[in-house]
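Novice: Sequence:
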Amino acid sequence: MSVVYKFLFPSKPEGNAFSLFLLALRILFGVLLLSHGIQKWTNFSAMSGSFPDPLGVGSTLSLGLAIFGEVFCSVGFIFGAFYRLAMIPMIFTMGMAFFVIHGNDPFAVKELAFIYLVVFVLMYITGPGKFSIDHIISFALSKKKR
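Heads up: the sequence shown is residues 15 to 160, going by this note's numbering.
Keep in mind that the hints are not guaranteed to be accurate.
Unchecked claim - Here are the simulated DSSO-like cross-link-like pairs (lysine-lysine), alpha carbons at most 27 Å apart as the crow flies:
#1 Lys124 x Lys54
#2 Lys144 x Lys158
#3 Lys124 x Lys144
Think of the hints as simulated: they come from the structure by calculation, not from any bench.
Fair warning: this is a prediction, and the values are worked out from it, not measured in the lab.
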């Protein structure tokens, strides 16, 4: 293999190094989004009357859905449990924040939602890696079938 190829692609996607990288990304971005959700959760009563309602379901329910996506789904994302299922509300929440809530704002205001959105879409495509609960369950189920 050429040196350039090894430099550009240092490990196989299914390798331990790549899975450790995915774990680090899951922890980093999961904890960051979790902190936003916890802030919303702790200020629920103050925010519930004025939270944006892009779906037309009411401010309180919209805030509850955002908290679900940012707190509970972030925990699943971090541990790699029901990974892709947990990511759907996270991606939806960041998409709503970027395209609807901050749709007319300057990019500097909606930049964080865009970063989260891009990272979560890429992580959805990539999968959780070897160091995840989903991988452990999949491995255990494949052993049972043999």
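Novice: Now tell me if each hint is right for this structure.
Specialist: Do the hints match the structure? See the list:
1. Straight-line distance between C-alpha atoms of Lys124 and Lys54 comes to about 18 Å, which keeps the hinted pair within the 27 Å bound.
2. Distance check on the hinted pair: Lys144 and Lys158 sit about 18 Å apart at the alpha-carbon level, within 27 Å; holds.
3. Restraint check: the Cα-Cα separation between Lys124 and Lys144 comes to about 33 Å, which exceeds 27 Å; the hinted pair is violated.
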